[in-house]
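Visitor: Between the sequences and the hints, there should be enough to build the whole structure, so can you do that?
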Amino acid sequence: MPRSLAPLVCAVAAALSAGCGGADSTVSLTFSGSAVGPEGEVVSRQLARFAEQHPGVDVSLRVTPDAADQRHQLYVQWLNAHAPEPDVLQLDVIWTAEFAGAGWIRPLEGGDTDFVAAAWQAAHWRGTLFALPWFVDVGLLYWRTDLLESAPGSLARLRDDAARLAASGPARFGLVWQGARYEGLVTVFLEHLTAFGGRIVDAGGQVVVDEPAAIRALTFMRDALGAGGFVPASVLAWQEEQTRFAFQNGEAVFMRNWPYAWALLQDRAQSAVAGRFAVAPFPAGENGRFTAALGGAELAVSRWSRHPDLAEALARFLTAPEQMLERARLAAQFPARRSLYDDPALADALPIPLEQVRDALDAAVARPVTPVYTELSEILQVELHRALSGQATPEAALHRAASDMRALLARSGLADEGARP
Amino acid sequence: MNAFRFLRIAAAIALLGLLLAPIYWMVVSSLTPEARLFQAPPLVPRAITLEHYRALFGERQFLVPIRNSLVVAALTTLLAVPVAALCAYAIARLEFPGRGLLLALILSVSMFPQISIVPPLYLVLRTLGLLDTYPGLVLPYVTFSAPLAVWLLTGFFRQLPRDLEEAAMLDGASRVRALRDVVLPLAAPGVATAAILTFLYCWNEFLFALSFTLGPDRQTVPVAVTLFRGRYQVPWGQVLAATVVATIPVAVFVAAFQRRIVAGLTSGASKG
Amino acid sequence: MPLLVAPALAFILAGSLLPIAATAWEALHGHDLRLPWLGRPFIGLDNFVEAAGDSRFRAAFVHTVAFAAVTVPVELGLGLGLALIMQTATRGRSAVRLAALLPWAVPTVVAALVVRFMFDGQTGVVTAMFRSLGLIGPAFDWLVHPLGAWVPIGVADVWKTAPFVAILLLAGLQTIDPALHEAASIDGAGPGRRFLTITMPLLTPTLVVAAAFRALDALRLFDVVYVITAGGPGTATEPLSLYAFIALMQRLRFGYGSALSVTVFLLTFGFALVWVRTLGRSLVGERA
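Residue numbers (the working numbering), protein chains in the order written: chain A, 9 to 429; chain B, 16 to 287; chain C, -7 to 280.
Just so you know, these hints were derived from the structure itself, not from any lab.
Cβ atoms here follow ideal geometry from the backbone N, Cα and C, with glycine treated the same way.
Be aware that a few hints might be false.
[Said to hold, decoys possible] Pairwise CB distance ranges (calculated):
#, chain 1, residue 1, chain 2, residue 2, range
1, C, Ala120, B, Ala266, 43 to 51 Å
2, C, Gly31, A, Gly135, 37 to 45 Å
3, A, Gly111, C, Ala13, 22 to 30 Å
4, C, Ala181, B, Arg177, 29 to 37 Å
5, C, Trp29, B, Arg195, 53 to 61 Å
6, C, Val54, B, Asp178, 38 to 46 Å
7, A, Ala418, B, Ala266, 51 to 59 Å
8, A, Ala415, C, Gly31, 16 to 24 Å
Guide: Written as structure tokens, this is what we have:
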């Protein structure tokens, strides 16, 4: 009996699954990426435009969770399972090396090189191009123009202004940043770190995050949280959106966040601080230089896409200057194309005044480019969070982080090349 | 004596209340408007709304996971129960060496931790292109639900009097015909119970569904419900509506077949 | 005859026995799906050595065993109490039995979600009750507290299984000949004495079986924790199965994850073996 049942079962199963995916002639592409607010609108619009320009092609947007960590997890799950969709993926700039190393994304033609240097570098793995830079993000210091004359030019000034204004009100927090135990914390730390002259890895790719400069930077962050500090302890559970809410409701004098927040903060319908803030690069510390963590996204093509050439065409379309300019105008995101920064159309398109961010863009510092970045970052996140929540001293935490990170690189067979593209 | 009895009745009612409290709360909360869910809702609802159910079947497209669960459960039951019945019949009726061992082996499979077989199954299903498909779930499900069905049906077959088949075979029927015409009609209740229990297992299963499906197209109800995400927080109204919907078929089955289910579950456990 | 058992055997073989062997074999290799340039070398017991030194593994092991050690007696005790009460209910027995079956039949993730909702730090009705009774502070959130997070997990598990245990025990209770009780009470034994000397010994085989099945399920704990805390806060509520799952499906370390899965298997198998040895053949032997 079971033997005759098996073909029946297969037939039923096949019939049921025939509903999805093409006995017809339209080619279906799936794009997956961030679709928060204006980003979602502009990408839907551009996908539709691509479909119009390519008759017989249908492009759909696959929604993913807003949190980058969750999206990463989903990508890993799909790509590891060799799923044919999505065809084009929006990757965080720190994921490209990982996906390339694992063999999950296709190498791309390298002809077009008009991209911001740091992002261009992050799109390569062992010398081959694997993704097209799409937009760049830099950490920015948002400051209240109604409470201050000018943006602080040094960390010391930031500390004093924040403490003073928080004590006297009306904003009860001095400075807010992302302190939850996730990737955002590493970018915040990176900015403080660079302000003190430190680095996570040196030029040879070796881990140096336990150097004295780093310990000073982390100590500064920890002291800012303590009694008499100017950063509320609740930031230890906050990500980008929670810090945005705090600043948006007028509760903070300073906020460290990404450019995406600008458009939302200017929306008079929801924001209490619309028109009363500006941005500046994160101030310099002992080393005297502005710093900004480099973020952003790149577009890659899945190795298991059924239409790789078309998918690559879609990626190139989305990273073309016109689409990048439109994205700048509607989602306030900085294009990854170098030449666009000389184009006056960009200054008009960006709601954020370009001169406020130019210093930040110039000062952008990338995180280590390595396939094991996610795990490396997790080690660092855990130790940073422990130090900030008082469970370990900055020195002990960073030493442990550094030795664990070195061990990780070693057992991943990356000890020699270290964390380098 | 009266006081004692009164206490017992009171305890019984209290216990019943505790047993049913979460279900009551689940249903009531799923009917509570979103705004009131954010303060602790009152024990007896004042306003009732169907907004969560509308959203559930509208934007969330909850019919898709329901369809997936139904298909997988049906296919598994159709496959597992006959397979198990044949095996159980052989163990119960036929004298062959090592049948005790065989039963023990089959039973021991249901004691395996599911996680222990995920790695190779994942890799094999991936190679065969069966991840995120119905067969990819049905195969592990049959493997894990068959033992319970075999155990149940073995006990059941043992209780059937032997004479019936013997009589049929004496009359000239082959064993297979005896099986089909005589035993099967009598075994129908046991088979039905096995089918119900198998169906419930599939409806309930989580780990394999989580590991072997990739997206809403093939995710089953437990996975879909767990992965509900809102923009900033869990959309509890919709989640609870989904749990109510997920519980309804189960509740119906249990209410309709409770005697049978209990008989099936306890036959093996309490007697030899 | 072999034809009759062949299909079942085929499924068992292909669906679980072979995979278990394959997992054990995989556990002896280094296999990280994200680092394909490292290949899949045979590394013997290195994964197990790593696990032994892995504090997260040790913690998961402790969580798993402690959870079983605590919840099984609780479920048995509550189940016994419920069974005794159900036995005396002559009217409405069907309704009581239905009420007891519902928690068992409800999908585990459903039970977990409902309990999670009831214990939610802001909107949970249980949280609100505890707060109004002064048992917990106004800012207390179960899920953020490493020990507190176990409470909703335990509640969900007990709620789902104690009634089922009760049904099993009720069946056992009903096989006890009432004449024994009558005779004893004529001799002057009170209900307590009768319970200890008549009910308990005769119920013991059923209790033993119920305990065994419950313990095996508790050692394989996964669904409830995944839904309620995902192992958190941090890894404070992470049982072995969940850690193995994370290592496999999120970290993609198939070699290491397989080793973790093997330890879960050994744990449950070891337990089953010990149980069968010391407490008998009542489970398997008599039937053959």
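Visitor: Each hint should be assessed against the structure and marked as holding or not.
Guide: How the hints compare with the structure:
A hinted range of 43 to 51 Å for the beta carbons of Ala120(C) and Ala266(B) is inconsistent with their spacing of about 27 Å. Take Gly31(C) and Gly135(A): their Cβ atoms lie about 21 Å apart, and the range 37 to 45 Å is violated. Range check, Gly111(A) to Ala13(C): Cβ separation about 28 Å, and the 22 to 30 Å hint holds. At roughly 42 Å, the beta-carbon separation of Ala181(C) and Arg177(B) lies outside the given 29 to 37 Å, and the hint is violated.
At roughly 59 Å, the beta-carbon separation of Trp29(C) and Arg195(B) lies within the given 53 to 61 Å, and the hint holds. Between Val54(C) and Asp178(B) the beta carbon distance is about 56 Å. The supplied range of 38 to 46 Å is therefore violated. Between Ala418(A) and Ala266(B) the beta carbons are some 56 Å apart, a value that agrees with the proposed interval 51 to 59 Å. Between Ala415(A) and Gly31(C) the beta carbons are some 20 Å apart, a value that agrees with the proposed interval 16 to 24 Å.
Taken one by one, the earlier hints fail for this structure at numbers 1, 2, 4 and 6, listed in ascending order.
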